[in-house]
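Participant: Below, each chain spelled out in residue letters.
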Amino acid sequence: MILLGEDLVDPYGGAFKVTRGLSTDFPGRVRSTPISEGAIVGICAGLALSGYRPIAEIMFGDFLTLCFDQIVNHIAKYEAMYNGKVVCPVIIRTPSGGGRGYGPTHSQSLEKHFLGVPHLRVVASSLVHDPAAVLRALLAQDSPVLLIEHKLLYPLHLILPEGGRIEGDIAEQHISSDGLPTVSIRPVPREACSFTVLAYGYQAELARRVLSRLAVEEEIFGELVVVSQISPLDWVPIDASVSVTRRLLVIEEGVEGFTWGSEVAARISSRFFGELRQPVVTAASDPTVIPTSKTLEARMLMTSGRVERAIRQVAA
Amino acid sequence: MVFVTDVAAPLAGWVDPRLAGASGEPRAMRLYRRMRFIRRFEESLLEMFERGLLNGTTHACIGQEADAVAVVEHLTDDDHVFSNHRCHGHFLARTGDALGLMAEIMGKPEGVCGGIGGSQHLCAPGFMSNGIQGGIVPSAAGIALAKKLDGGAGLSLVFIGDGTLGEGATYETLNLASLWKLPLVVVVEDNGWAQSTPSSANMAGSMHDRFAAFGIPVFEIDSTDVEEIDTVAGHALAQARTWEGPVAVIIHTYRLCHHSKNDDNRPAEEVAARWELDPIEIHGGRIAQSSRAKIDTEVESALREVIDRALSL
Amino acid sequence: MKPVLVPTSDVNSETGLLVAWLAGDRSEVMAGETIAEIETSKAIIEVPAPEAGLLLHAASEGTEVRLNEPIALVFTDTGMLEAYAEEQQRLRAETAESGPRATAPARRRADELGVDLASIGGDSLITVGMVEAAAAAVTTAGVELPDPLPGIAGLPRIALIGAGLGATQVIDILQAAQSGTAVAVMDDDISCWAGEVMGVPVVGGFEQLGRRVGGGAFWAGIITISTSVPARTRLREALEANHIPLANAIDPTARIAVGVTFGTGNVVAAFCHFGVYTVVGDNNFLSAYNSYDHHNRLGSDISTGPACITSGLVVLGDRVRLGTGIYVEPHIELGDDVHVASGAVIVASVPKGHVVKRRVVTTAVVPRR
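Protein chains in written order, with numbering that gives the first Met the number 0: chain D, 0 to 315; chain W, 0 to 312; chain L, 0 to 368.
Think of the hints as simulated: they come from the structure by calculation, not from any bench.
Small disclaimer: the values here were computed from a predicted structure and weren't measured.
Where hints are given, some of them may not hold.
Okay, the calculated bits of chain D under chain L, using three or more residues with CB under 8 Å as the criterion [claimed, not checked]:
id : segment
1  : 185-192
2  : 210-217
Pairwise CB distance ranges (calculated) [stated by the list, open to error]:
id : chain 1 : residue 1 : chain 2 : residue 2 : range
3  : D       : His118    : W       : Gly165    : 25 to 33 Å
4  : D       : Asp141    : W       : Val14     : 27 to 35 Å
5  : W       : Gly165    : D       : Glu274    : 52 to 60 Å
6  : W       : Arg308    : D       : Gly20     : 57 to 65 Å
7  : D       : Ile34     : L       : Val18     : 27 to 35 Å
8  : W       : Glu268    : D       : His118    : 42 to 50 Å
9  : D       : Arg135    : W       : Thr75     : 32 to 40 Å
10 : W       : Trp274    : D       : Ile34     : 41 to 49 Å
11 : D       : His112    : W       : Lys293    : 55 to 63 Å
A short, non-exhaustive set of chain L residues, derived as facing chain D with CB atoms under 10 Å [said to hold, decoys possible]:
id : residue
12 : Ala101
13 : Pro104
14 : Ala105
15 : Ser123
Every residue, glycine too, gets a C-beta built ideally from N, C-alpha and C.
Chain D with its partners taken away, still in its complex shape (with noise of 0.2 Å):
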């Protein structure tokens, strides 16, 4: 395994710390590269091709643009159209997400423009999964991955599932068959719930907040599916979820239109066509550039309050 990106090497460790340490424990396979998107994840696609694992770092999401090309038109295609002759197994990990007034070029959720790129996976962290048995899911298997960790979790703690339990919800874990896991969380048995909300990374821990104040608070009961792989995704739990509950809502911190939610909304409403109670709500955040002052932003970005109007809107 090799690790390539911006300021990874110590004293520094990289943007965000999540590589301190590191240059020193394993000399050699950790690497601070010059200011070159395209070319660090285009060395770990040849390094992939050459049977190393690589893993990329991108100091911000909202720098992705600069390595599209190799993602989509190189790493995402090689096993496909060399007829699997090779695999190419890159794991491009970024900070992305705003609300640390960062302005308009290091704030955004730029993952929606990588879903549903053939053969590329795209993977979120939240604090309710385990990063360490994520990651060793990924990297026992072959596919290129972009890996999304929202950099307002870095000083959160993990809030993992304990004795099927988070903080006395009930928690329930589900692993796809590729060892990726989906966490539903609910305050009562899911026939109590009135509704779904599907949410990934940070989004997933504002929504699990405001639903335990609302349960407790209110007796508004919904159920939380925090999803680790939002691209394909394992439609299992979430069916599980609304086929009970049969209101959802989709939030996400990316901007509006053509979102990750629209694509659950469209398969949703296919599989339960005529079973919902109510259309798949959807929330994003504003279509427009993320403003650096704090209150400006936070009129157009999902925050906690945008959140709560959202799930209200579907327990209504």
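For chain D, the structure is supplied; the task is to place chains W and L on it using the hints.
Facilitator: Then chains W and L, alone, in the frame of chain D:
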């Protein structure tokens, strides 16, 4: 992902000595044979396109055969070649798998990539190609890094054109390859034209200086003579194997055919003048007429068999 | 005392790790002296003492601290430090969380019904539904529920709905009026079951209604809850659903003029006056000294405090709630669901769903010297 797997044992790796040259054949003749083989392959391909037997597009390398043949002379099994859209010459020189390539271009499951990759996207032991200009250079550098980490002596070669020097990925990679002292060999086939645009309208500054700027030694030659190119390639690859770091080879050559199919609006006199420097003719003149004719016949019949076989699949 | 804050600038986190205390708890520190080290995702921050004095730690070494809250306090004298420390200790003990997990509505309902949350058991979140089920389960789980009184021959047997103070008023009115006899009291608050109100047994919750009336224990009910209009409405509907008629309880001191009609379920306290041809609906609780002058019309489910005086031709809608000491001029209509604050003088009609507020300007409350 659906792979094309319902085929009998792969046909790749089949190397016909009539096309690649038997062991023991004098070098000069081998060089001629291989160039002739590539030329006839490409011409047959274009003719089949015209007859409507083939689907899609292709980028023939007529006029540039000497480059591939000369460079491959100095490769070992540990080396890897990454090529671009105009890759047939490189592929044939490296693997000799004419049937695999022909079947691939015909879209047959017996093709080297099951008909999925086609003319521009080939994969064989020691060889890959992709149709994105410049985008292939980082992959080649990654392969070079892998070879360095493996501790072996292998080189990673990448063939680009003059037009590729417009793509940013190329420069990002040259910088990194030089910084990390990767065993990467960049071979630029400057044929003066990027599709329909001459280099003069495409390139500012000097081609040589682009590599020198990153501290990369440049081996440059303006020739279509395979023996001259062979000498330079020999020096370049020897350097690449001994010193730590990338090496660039710039071959000023000329494409005698269209860019792809029937899209050639270069000045007719210019093209005609370059036909005078046909590499097949230049080198063929060094070989005895009778030997040359014999080689031509062998290549022709072998090629005929390949085409017939491929058509029948 | 001065708080010791972590000097932060451009820090990417809200919390940090208190890696080391460099000055002990309750030790003397100098102004500017480095007293602690906090590690954040970006760097290790040295924390200086804001002034000289005695240091009181507010967090332990090795714990996570919030960067916008003080990690310690500096006091100028020991006395104040110890007093503060003691206070913090006491507060910590008081607010220690324990007990079963329940939703806020469930806690309120449990209070209402007298259900002990700990008795519900299990490790799920306790909901209103579960509390109500537990309450119902208790009744069927063998709490000895008494039988209603046999009653007095010749007087209709009445069930009183609600075991609060309103029940005592109604029992008194019935005894005085000799228009019926209270034989049972029902209330959803389990804690008063098997008890009694002025000698009348509390026989269980409202779900007993259906069961008992079938047995002929009583023939009508009176809702004794005086002030909560929603409760009166809800219970009236429950009685109707169980096909139980409502009875009136009208104090014998009430002066009822000619042509006045009453519906059912009305409670009329002492010294009320109903002027000629006034019409009164159902299930109204009218307190003492209410006067409805001639040709008034009252709706249903109304609740009033004492001393509400109307003029002629006044209309009160359904579920109107009047405080105490209210005057209403003639020809006025108070719409459905209107609430009027005590002491108001109504000089114009009030549209439905509105509230009449009154600001007391001359009455002042001051401590007696």
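Participant: Can you name, in rising order, the numbers of the hints this structure does not satisfy?
Facilitator: none
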